[in-house]
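Asks: Below, each chain spelled out in residue letters.
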Amino acid sequence: MSRRGVVIVAIISLAFAAVIARLAYIMLLNHDLFLAKARGQHTKKETIPVKRGIIYDRQGRELAINLETESVFCDPVEVRKTEDQGRPLKPQRPEEVAVHLSKALGTDAKAVLAKLNTDDKHFLWIERKVDQERAKRVHDMKLRGIGFIPELKRYYPKGSLASHLIGFVNSENAGLEGIERQYDKHLSTQTESATRVKDARGNTLSEGMLKELKGNDIVLTIDEGLQHIVEKNLDAAMAKWRASSATVIMMDPYTGEILALANRPTYNLNDSGSADMQRLRNRAITDVYEPGSTFKIVAGAAALEEGTATPKSRYDCSAGTIEVGGRRIKDDHRHGVLTFEEVIQKSSNVGTIKIGLGLGKQRMYEYIRRFGFGEKTGIDIAGEVSGLLRAPEKWSGMSIGAISIGQEVGVTPLQIVRAYAAIANGGLLVKPHVVAAIRTPDGKLVYKAEPKAERILSEKNALKFREILKGVTEAGGTAKTAAVDGNKVAGKTGTAQIFDTRAKRYSKDRYIGSFVGFVPAGDPRIVMIVVMHEPKGAIYGGVVAGPVFKDISNEALSYLSVPRDDQRERGLLLVSTKEQSGR
Amino acid sequence: MRRRRGSRLVPVGRIAMIVALVLLVFSVVWIRSSVVSLEYQLSSLEIKKKELMREAKTLGAQRAGLVTLKRLETVASADGGLMFPDRMKVVYVKNQRDRGAMTAAFVPADSGPRVVRE
Chain A
1 MSRRGVVIVA IISLAFAAVI ARLAYIMLLN HDLFLAKARG QHTKKETIPV KRGIIYDRQG
61 RELAINLETE SVFCDPVEVR KTEDQGRPLK PQRPEEVAVH LSKALGTDAK AVLAKLNTDD
121 KHFLWIERKV DQERAKRVHD MKLRGIGFIP ELKRYYPKGS LASHLIGFVN SENAGLEGIE
181 RQYDKHLSTQ TESATRVKDA RGNTLSEGML KELKGNDIVL TIDEGLQHIV EKNLDAAMAK
241 WRASSATVIM MDPYTGEILA LANRPTYNLN DSGSADMQRL RNRAITDVYE PGSTFKIVAG
301 AAALEEGTAT PKSRYDCSAG TIEVGGRRIK DDHRHGVLTF EEVIQKSSNV GTIKIGLGLG
361 KQRMYEYIRR FGFGEKTGID IAGEVSGLLR APEKWSGMSI GAISIGQEVG VTPLQIVRAY
421 AAIANGGLLV KPHVVAAIRT PDGKLVYKAE PKAERILSEK NALKFREILK GVTEAGGTAK
481 TAAVDGNKVA GKTGTAQIFD TRAKRYSKDR YIGSFVGFVP AGDPRIVMIV VMHEPKGAIY
541 GGVVAGPVFK DISNEALSYL SVPRDDQRER GLLLVSTKEQ SGR
Chain B
1 MRRRRGSRLV PVGRIAMIVA LVLLVFSVVW IRSSVVSLEY QLSSLEIKKK ELMREAKTLG
61 AQRAGLVTLK RLETVASADG GLMFPDRMKV VYVKNQRDRG AMTAAFVPAD SGPRVVRE
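Protein chains in written order, with our numbering: chain A, 1 to 583; chain B, 1 to 118.
To be clear, the hints were calculated from the coordinates, so they are not data collected in a lab.
No residue lacks a Cβ here, since even glycine has one placed at the ideal position from N, Cα and C.
One or more hints might be untrue.
Simulated DEER-style distance windows between Cβ atoms [to be verified]: (1) A/538 - B/59: 39 to 49 Å; (2) B/59 - A/523: 41 to 51 Å; (3) B/46 - A/454: 48 to 58 Å; (4) B/70 - A/391: 38 to 48 Å.
Please model the entire structure based on the sequences and the hints provided.
Replies: Written out as structure tokens, the structure reads:
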């Protein structure tokens, strides 16, 4: 090789050696440093959005689902920027951007402009959780400094249906009310992040599908059909009686499953932000009221159970009044001598107080507790209260009389309906619940509700009392208006004066009318309470609540395909069958 | 002769080795670029899938809103002239499917329930 060749080879070899040395420096000595730098440039950590579990009714109808939306944000500095690294940018006036955005999103242009003119901020929300159509309009404008972040939005396809049961979430999808709150940890799950590879242009290189994070699905005990029937009739009753508020609870008396629960006033779940506190209240479990005559079953059932009375025991109610502890309590009108059955049927205060006096305060208190009053029912919805019940040592001289007829005690509608379920099902106090099952996204059963019940009355006495309650909706009873076509109804009316806390006496013009009962009385399928607060034009439970019970029951029994009691008696059936050929 | 043959074979072997090496390098590069290209395709398909899923969810939400019993009842009564069944007019028919086709009709109240077979 010539000398020149040697020189050339030497130079090339040195150059290669330099390259190899540099590579060794990068790849061996500072491997970790440069690897981290490279990763930082072409990988991006993304938070995987958590999809809340779906809430279904007992028939599998969707009550709460997720929608994929986009939230629009702005970088005010970027919006107003006129040049980038010396290069002039396409002029963009914040005033014009604000007008365009407000038109596309339906928001206030002034509010948007105020955000666009904010100094020293690089991130401000313009509008959260925008639907696809509106988001696309903003995308198409290709505005500088306006960005999008995909977000999931909770959507309630049935609007206000069962709003107090289902509840709602906040903007961060955390449960705030109802089932959404109570079962938040099931419906949601831990957020995770994933690393995505991106090229220099920002295009994503997929390394396979990103995993989906989804909470557990919840199946409720309520039935959309029954809930609709309840709400429709409750709305009609509210319009008719112009009540300040109202509640209906329908329950399976054997299992404690809540089949429907509605309160008025109510709100739209998709617009919960605009609802005031009055509308948000789940009065079925949070509002305590004096139950009035619907509470008389406690004294009655206790007397039967303790043997201090029989259905044929007689009580002289002819005076029309009775004095207990210095207070005179009267009946609506004089009844004369009534049997135990008639006392309940006619809802005589005098007769019931005499039954209560026969029991004594200790036993009365014991049975009040047995029926579940003075404590929470344990229903799986947030916000339940235990009601008001004083210990017997704190009772005044008139308390035994007042409590026997449903005064001096505070109950929730749910507590009352549960007590009547115990009469309906033969003496078992059930635990009400609204969640039937919880399933993982892939369908595995995580939780299944099992009926829980505790015996509080003998079956014999419960069935005896059930028969007595049938009389309330029959001729001579206080709630003939609650009688259902084709099926016997057992129940009780209640008309209670509202205690005026300011005047410290019972109001003379503000009442709570209620009816609670079960149907068919012989083989109960539903137990239901209707409570109307401050109805106008009428006050009696039999007038304002009884017809609501009837209308709801008529439709509910049709919906549930419950046969009429008289189907075998009235001879409506004529069936001719044609034998199949060849048989 | 042997040395001549050997000297001819050596460059052929070397060339073959170099070609094989180059092919190997190219095949590695080609495979890698194919993977990257597939990743791009997969990514765009993922985006498409996401969009379709989003659309499906929106349509599902619309469907769920349209089939609420409240709306169905409103449509059925307003447009179809239908009404909630009167329980007193419901006729109960025995479920005897194994016996073939059945017909039912009202009979006088005093005649009691009957089953007539033809």
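Asks: Indicate, hint by hint, whether the structure satisfies it.
Replies: Going through the hints against the structure:
Taking 39 to 49 Å as the suggested C-beta distance range, the pair residue 538 of chain A and residue 59 of chain B conforms, at roughly 47 Å. Separation of residue 59 of chain B from residue 523 of chain A is about 43 Å and conforms to the stated range, judged on CB atoms against 41 to 51 Å. Range check, residue 46 of chain B to residue 454 of chain A: about 54 Å between beta-carbon atoms, so the 48 to 58 Å window is met. The hint said 38 to 48 Å for the Cβ distance between residue 70 of chain B and residue 391 of chain A, and at roughly 46 Å that hint holds.
In this structure, none of the earlier numbered hints is contradicted; all agree with it.
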